[in-house]
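Listed below are the residues making up each chain.
2 protein chains.
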Amino acid sequence: MRLATLELNGTGTAAAVLRDETAMVVRDSAGRVAYPDVGALLAAGDAGLASARRALDDGDEQPYGPGAVRRPILAPGAIFCVGLNYRTHITEMGRELPTHPTLFSKLSRALTDPYVDIDVPVAGAACLDYEGELVAVIGTRARNVDAAEAMRHVAGLTVLNDVTMRDYQWRSPQWFAGKTWERSTPVGPAVVTLDELGDLDARELVVTVNDAERQRARLGDLVFGVTELVADISRIVTLEPGDMIATGTPGGVGDAMDPKGYLGDGDVVEVRIDGLGSIRNRINVRP
Amino acid sequence: MRLATLELNGTGTAAAVLRDETAMVVRDSAGRVAYPDVGALLAAGDAGLASARRALDDGDEQPYGPGAVRRPILAPGAIFCVGLNYRTHITEMGRELPTHPTLFSKLSRALTDPYVDIDVPVAGAACLDYEGELVAVIGTRARNVDAAEAMRHVAGLTVLNDVTMRDYQWRSPQWFAGKTWERSTPVGPAVVTLDELGDLDARELVVTVNDAERQRARLGDLVFGVTELVADISRIVTLEPGDMIATGTPGGVGDAMDPKGYLGDGDVVEVRIDGLGSIRNRINVRP
Chain A
1 MRLATLELNG
11 TGTAAAVLRD
21 ETAMVVRDSA
31 GRVAYPDVGA
41 LLAAGDAGLA
51 SARRALDDGD
61 EQPYGPGAVR
71 RPILAPGAIF
81 CVGLNYRTHI
91 TEMGRELPTH
101 PTLFSKLSRA
111 LTDPYVDIDV
121 PVAGAACLDY
131 EGELVAVIGT
141 RARNVDAAEA
151 MRHVAGLTVL
161 NDVTMRDYQW
171 RSPQWFAGKT
181 WERSTPVGPA
191 VVTLDELGDL
201 DARELVVTVN
211 DAERQRARLG
221 DLVFGVTELV
231 ADISRIVTLE
241 PGDMIATGTP
251 GGVGDAMDPK
261 GYLGDGDVVE
271 VRIDGLGSIR
281 NRINVRP
Chain B
1 MRLATLELNG
11 TGTAAAVLRD
21 ETAMVVRDSA
31 GRVAYPDVGA
41 LLAAGDAGLA
51 SARRALDDGD
61 EQPYGPGAVR
71 RPILAPGAIF
81 CVGLNYRTHI
91 TEMGRELPTH
101 PTLFSKLSRA
111 LTDPYVDIDV
121 PVAGAACLDY
131 EGELVAVIGT
141 RARNVDAAEA
151 MRHVAGLTVL
161 NDVTMRDYQW
171 RSPQWFAGKT
181 WERSTPVGPA
191 VVTLDELGDL
201 DARELVVTVN
211 DAERQRARLG
221 DLVFGVTELV
231 ADISRIVTLE
241 PGDMIATGTP
251 GGVGDAMDPK
261 GYLGDGDVVE
271 VRIDGLGSIR
281 NRINVRP
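Line by line, the protein sequences give chains A and B.
Okay, so the first sequence: first residue is 1 according to my numbering, each after it adds one.
Okay, so the second sequence: first residue is 1 according to my numbering, each after it adds one.
Hints are computed from structural coordinates only; laboratory data are not their basis.
Please read these numbers as outputs of a predicted model, since none were measured by experiment.
There may be inaccurate statements among the hints.
Identical copies go unnamed one by one, so any copy, or any two together, can satisfy a pair.
As the list claims (entries may be wrong) - In the SDA-like style, the derived pairs of lysine to any residue whose C-alpha atoms are separated by at most 25 angstroms in a straight line are:
1) Lys260 - Pro287
2) Lys260 - Pro173
3) Lys260 - His100
4) Lys260 - Arg183
For reference, chain A alone in the conformation it holds in the complex:
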């Protein structure tokens, strides 16, 4: 299934399941919106997924277009990010292959929707960069799971652009200040459940800026895949439904270009992963 969160006309948000080019809102037996977002649907466990399956057949059909699509999980309890996780990107940054995942985090208030403008204040726009990423979305609580069990706790996958203020990322030894700017990180458009996807390694992630290609990588180039990341994080802290793990970005970021390929006002950046769809956002620099 492809699970998305829709903005309904004036009545809030709703979790929906996508069927071709339409969206079927998941409703309860009384006809009310069952879940305000995909996060709430996942938190409901098997009942949430079962109601999504039923909605595929008899849901409330809604127009589905860029203007109506919110990020699938409006406010995840945790957003884990991974740095230095594609062989090609590690090489371009001049580093050696890591022995452990490089984990950091992002606040949920840093997230934004898959097709909206990204408003960036001038103060954050000097070294503005893109990082296209695959995201794993947790479906069920995971604590101390091993690699063999890890994928059972993943509901599905989605797409994220880890928009980064490089000057803030590197003003101190910790990257967080360049990674968590207000509503700077688009994610979506849908959580695609694992049963739709099959083998991931051959799928490609592609990032374009104004339709010119900047990043392209096979997901098989990941140093630590979703399985290893879920297992590793679950040894540190409990993973909860709706948590996101952004798995890192491949080579081709603007900062590694000569001259620098930073994003400016009006630029349109798109991140696409085969089978997961794409997110596309315009940069809007404001005083």
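Fit chain B to the given chain A structure using the hints.
Chain B alone, transformed into the frame defined by chain A:
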């Protein structure tokens, strides 16, 4: 005022205001618990603080002891942490004074209560260290505030032990993996409002392990004080009521000792700041 969150007997939690050695639960006009924790009280703005002031005189008096005290904000929306922020600690770690705050974050699920045992799995106990810290608690939303306005957005201060798994902190370039272990970070016992405190610079933070002193510093030794930190973070992202800013730790951590002064099973670590009280936790290493 000193604002705390109490565990009531079998009926959940409640925000309370402390008067000498008793706690007055904040109740609404119908006699119900007004707020489940200090976070909810702060989110209610002026009305929350006014109800706390009234409870000082006519609140519901409750026994107040270590067993009944929870962390003041049960699940902050954001926990900002600062590294390398005391001149003495920067020196012992062999670094130069920074030009910008070193920000990272911690998940709310990493927090625990001010007097409980800290359960640490063996896997995280090899290089277990303490970091006593002053915490600023946000009272009102702050976005793009300058230093002159910053303190108006701070409700009060509290105490935190940024318990750190040094091996995980340093297994990659980012510290997060050593800083966000499940229920590893005690905080409390109360949020003390700024009007009770006056000048902070002369106040001391003291950390003991099994009652032997390990860290002692004047808050005036902070490189970036609360004012600068609120202003800096608010340029990046909105600060919300209940958010915490852990301001960093001074010299004397176990890792800087020779031989290493790491924490082991049964050790009791206490962090005290003049005027804010103390938190005291026993380490419980489990398989």
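Quick rundown of the hints versus the structure:
{"no.": "1", "hint": "Lys260 - Pro287", "result": "within (23 angstroms within a copy, 50 angstroms between copies)"}
{"no.": "2", "hint": "Lys260 - Pro173", "result": "both (22 angstroms within a copy, 24 angstroms between copies)"}
{"no.": "3", "hint": "Lys260 - His100", "result": "between (29 angstroms within a copy, 24 angstroms between copies)"}
{"no.": "4", "hint": "Lys260 - Arg183", "result": "within (24 angstroms within a copy, 42 angstroms between copies)"}
Violated hints for the displayed structure: none, as all numbered hints are satisfied.
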